[in-house]
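Asker: These are the residues of each chain, in order.
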Amino acid sequence: MGRFMGRRLFTAAISILGICVVVFFVTRVIPGDPAVLLAGDNQSEEYLAAVRARYGMDVPLLEQFARYLSGLFVGDLGTSIRTGRPVAQEIMERIPATAEMILASLLFAAVIALPLGVLAAAKKGTWIDALVRAASVVASSVASFWIALVLVFVFTYQLRLLPTPTGRLPRGFDPPPHITGMYTVDALLTGNFATFGAAASMLVLPGLTIGLLAAGFIAKLVRNEMVEQLDSGFVRMSRSLGISKARVIVQDGLRNAGPPIVTALALLVGSLIGGAVLVETIFAWPGLGRYASDALANKDLAALQGFVLCAGAAVVLLSLALDLIYAWMDPRVRLAGARS
Amino acid sequence: MTAPLVHPTPPKPKSPRRARSSRLNPLVIGGVALLVGMLAVGFIAPHFLPDPLATAAADASQPPSAEHWFGTDRYGRDVLARTIDAIQLDLTLALACAIAAFTVGTVLGTLAGFMGGVVDEIIMRFIDILAAFPAFVLAILVAFALGDGVVFAVAGVALAAVPEFVRLTRARALSIRRQDFVLASRVLGVRALVIAWTHVAPNSTGPAIVQAAFVGGSAILYLAGLAFLGVGVHPPQAEWGVMISEGSAEIVRGIWWSSLFPGLFILLAAVGFHLISDGMARGQHD
Chain A
1 MGRFMGRRLF TAAISILGIC VVVFFVTRVI PGDPAVLLAG DNQSEEYLAA
51 VRARYGMDVP LLEQFARYLS GLFVGDLGTS IRTGRPVAQE IMERIPATAE
101 MILASLLFAA VIALPLGVLA AAKKGTWIDA LVRAASVVAS SVASFWIALV
151 LVFVFTYQLR LLPTPTGRLP RGFDPPPHIT GMYTVDALLT GNFATFGAAA
201 SMLVLPGLTI GLLAAGFIAK LVRNEMVEQL DSGFVRMSRS LGISKARVIV
251 QDGLRNAGPP IVTALALLVG SLIGGAVLVE TIFAWPGLGR YASDALANKD
301 LAALQGFVLC AGAAVVLLSL ALDLIYAWMD PRVRLAGARS
Chain B
1 MTAPLVHPTP PKPKSPRRAR SSRLNPLVIG GVALLVGMLA VGFIAPHFLP
51 DPLATAAADA SQPPSAEHWF GTDRYGRDVL ARTIDAIQLD LTLALACAIA
101 AFTVGTVLGT LAGFMGGVVD EIIMRFIDIL AAFPAFVLAI LVAFALGDGV
151 VFAVAGVALA AVPEFVRLTR ARALSIRRQD FVLASRVLGV RALVIAWTHV
201 APNSTGPAIV QAAFVGGSAI LYLAGLAFLG VGVHPPQAEW GVMISEGSAE
251 IVRGIWWSSL FPGLFILLAA VGFHLISDGM ARGQHD
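Residue numbers (this note's numbering), protein chains in the order written: chain A, 1 to 340; chain B, 1 to 286.
Mixed in with the good hints there might be a few duds.
Under 7 Å between C-beta atoms, here's a sample of chain A residues computed to sit facing chain B [claimed, not checked]:
1. S141
2. W146
3. G274
The set of hints was computed from the structure by calculation and includes no laboratory data. Even for Gly, the Cβ is constructed at its ideal location relative to N, Cα and C.
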């Protein structure tokens, strides 16, 4: 286990270093002057020089990179030109909002997609299977920012079931005491049910929007994994022993299909963070995605770099965590890792 | 009919002929028909519709009617004309993304798989790093860094799609380089790059074509998303993402038509690409 962990930690560290390299060099080496990018066209040479000096672009590229990396080691992601505050601090403040939204969306997605995927696999080749596949194709073809608007129109304008999307809490509510930073969780922990209801009513639509996108992906994945498992020798064995189909599906199918499905979640969460850039913009959700779209609109280089770095690192760290958990639970994983 | 869980005999091995013929699967035909139909409408219909850029303040934000089937937006422009006008642009850009990513990805993948050794190592390490980024996030970064423009948005979306092509092609190339016909070419003294180009590349692109169709669909979504954020295509150009963005502020006031219709067309176009991909994948795997 120690050896597997060491190898896995090493590759994760290399990946994160690689992410830093890409994030830095993509914005520096690319044709065109980053100072012009930041300052805008038609600026005087003196002004450009001042911009370069301000962002440390007046020293050789490798030295800039060394400074950037050494800054990262002490948690310095630079300063946002929009707010003048440290990017690292702003990102830390915004992580709970996005985490809450993505957790809610995974919950929605699991509730919708898991039964559908299992059902499609159990009824492989029937019209039910075809319907689930069609639904999953449609779900992966919908523009997230569009379905968000459609949901807002239906639920807040037409049915008036939910408050207008203006952030994490409706007007007149104060955030609950800070424990996790996720309003719904904090409100529950402190027993503040009115705030919980209010926060949940704001969370439903962004969570559902992202959840629908995730559901298409998860349904397809669950179906394909389950089809493979249900076709395997041990399932045939169980069935021939007279164990009911439903029981075989849960006991043999789902348990074995689980690991590859959960592993794929790391990548899925990555794409959900990408989707959050659009969805948070629509719901005025003060998370990482909104931070990125603000950075984009204001040409806030440090803020955007910080966001991209976090999104990449989140994927690497999440898949690292999942891999380590599996290796701990399942000796076959760590032995296979050691051999290859 | 439920599929039996118990196979009395193992399933027959699939013949390559069957895989080839089933490429003309109804899903693929449906997807192609959908996209070709959209393109045809995109080429012909604008001749019969109002100017997609013509504003009319008196006609602003009118609901769908006999005169304006999809209504008008807040500048009084005809939403139907704009939605139709955007077909050519959106589909062309999506195709450009898919073709660019396919070309770069399969060339790199063939090289990595066929050459092996240091070349393989360098290409794959780089690809692993790219793949760690969520696709849309990488597209945003590249489009931001390159500067604002449609070409840069396409480049960003295409780059984000490259890693999957490299992996698919490399895996195929690795198995093909050990085949007898490649060995025979080697024995005959054919140069490695020529072998890679004439034997390995054509035989390793099957799964990559499936992926290209898939990328076409996601490129529609990503490009519209970038345009929605103000990157790539800009107003007043008729583009689906731009149109949804322009309509988004009005939706809480009940004006749904200016963003609903462009979004439906995004859905249709992406479904078209995804059907092709899904249908071809079934032909190759099932």
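Asker: Confirm or reject each hint.
Answerer: To see whether the hints hold, each was checked on the structure:
1. At about 3 Å, the closest approach between the beta carbon of A/S141 and any beta carbon in chain B falls short of 7 Å, and the interface hint on this residue holds.
2. The beta carbon of A/W146 comes within 3 Å of a beta carbon in chain B, closer than 7 Å, and the hint placing it at the interface holds.
3. Of the supplied interface hints, the one on A/G274 holds, with its beta-carbon coming within about 3 Å of a beta-carbon of chain B, less than 7 Å.
Hint check: no violations occur; every hint is consistent with the structure.
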